[in-house]
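So the protein lines, in turn, are chains A and B.
Just so we're aligned: the first sequence equals residues 13 to 212 in the working numbering.
Just so we're aligned: the second sequence equals residues 307 to 393 in the working numbering.
Cβ pair distances, simulated, as ranges:
no., chain 1, residue 1, chain 2, residue 2, range
1, A, 142, B, 338, 51 to 57 Å
2, B, 341, A, 165, 48 to 54 Å
3, A, 73, B, 313, 28 to 34 Å
Keep in mind that the hints were calculated from the coordinates and are not lab data.
Here the structure is a predicted model, which means the values were calculated and not measured.
The beta carbon of each residue, even a glycine, is placed where N, CA and C say it ideally should be.
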Amino acid sequence: MNTLTEPKAGGIGDSCRRNSRWRLVPRGCFAKAASAGWILLAGPRSMNSTILTAIARLGERGAVRVMDGGNRFNVYTVARAAHGRPEVLNRITVSRAFTCYQVLSLLESTPAIQSPFVVLDLLNTFYDQSVQVGECKRLLRACISHLNRLEQAAGGVVSVHPPAVPNPAALVLLDILQSAAMDTCHVQIATPAPEPMRLF
Amino acid sequence: MGRTLPSATQVFMQEEAAFARFRRALRRSDQLALDDLFTSARQHLAAAQYASHALPFEVFLLSMLLEEHKEVMRMRQQIEEYISREL
Chain A
13 MNTLTEPKAG GIGDSCRRNS RWRLVPRGCF AKAASAGWIL LAGPRSMNST
63 ILTAIARLGE RGAVRVMDGG NRFNVYTVAR AAHGRPEVLN RITVSRAFTC
113 YQVLSLLEST PAIQSPFVVL DLLNTFYDQS VQVGECKRLL RACISHLNRL
163 EQAAGGVVSV HPPAVPNPAA LVLLDILQSA AMDTCHVQIA TPAPEPMRLF
Chain B
307 MGRTLPSATQ VFMQEEAAFA RFRRALRRSD QLALDDLFTS ARQHLAAAQY
357 ASHALPFEVF LLSMLLEEHK EVMRMRQQIE EYISREL
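Same shape as in the complex, but just chain A (with noise of 0.2 Å):
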């Protein structure tokens, strides 16, 4: 399932759909994160309060280290799911990159080490006309050799959402991905029932 089509957001539940069934997101994903590889979650923006959520539930347990591509990293969403919590926030730390250049340079000067990882929106950068397809794709395929690397000291998710603009190397771009992750889940978020009419 390639379709890179934004679902209509506000949602009652998040859900994930793989092997074609459906479970929630962090249940299984996050609890893979800490073990070995890396999960791709595929997905509208409005997951990712979900995501940031499980980031703050990664964090009692350890160290987190986050890779923030696309401005995703909410710091008042993750405290306040870390009920405020010094010592949890303390274990997760945030690299941001602003271009597709920056994120190659990211993940090169992340180390290996015993802590999982998240990436937040890895091919926001990556969905920049001023970049041409070929060079996003010789970029990513080094972040992917990067991720690899990553993940033989400790797992992590990786997660991209749809361009805001529709472009058609979106597509390209995510089944590179989809064929280097080890899993990977397409999160569809449930259309909400129509809600009755309001006198005032």
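Dock chain B against the given chain A, drawing on the hints supplied.
Only chain B this time, still in chain A's reference frame:
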């Protein structure tokens, strides 16, 4: 590179919006009291931004409490002045 975090004003507006359903369920007089509380918290947004607290709503609650305590202090002073004048 742009903001990496929402500002205190944005967070305040999000929190206020999150309580919209709660406000809607209150009776009218209580809605006005709740609006007053949020107005008092709004007066200290600059301080809340400077505090950079991990849980901004705690700072907003403290701002509400601060304004309430200022009101208590002002009323206490008025009562003391009134008693001293009467005696």
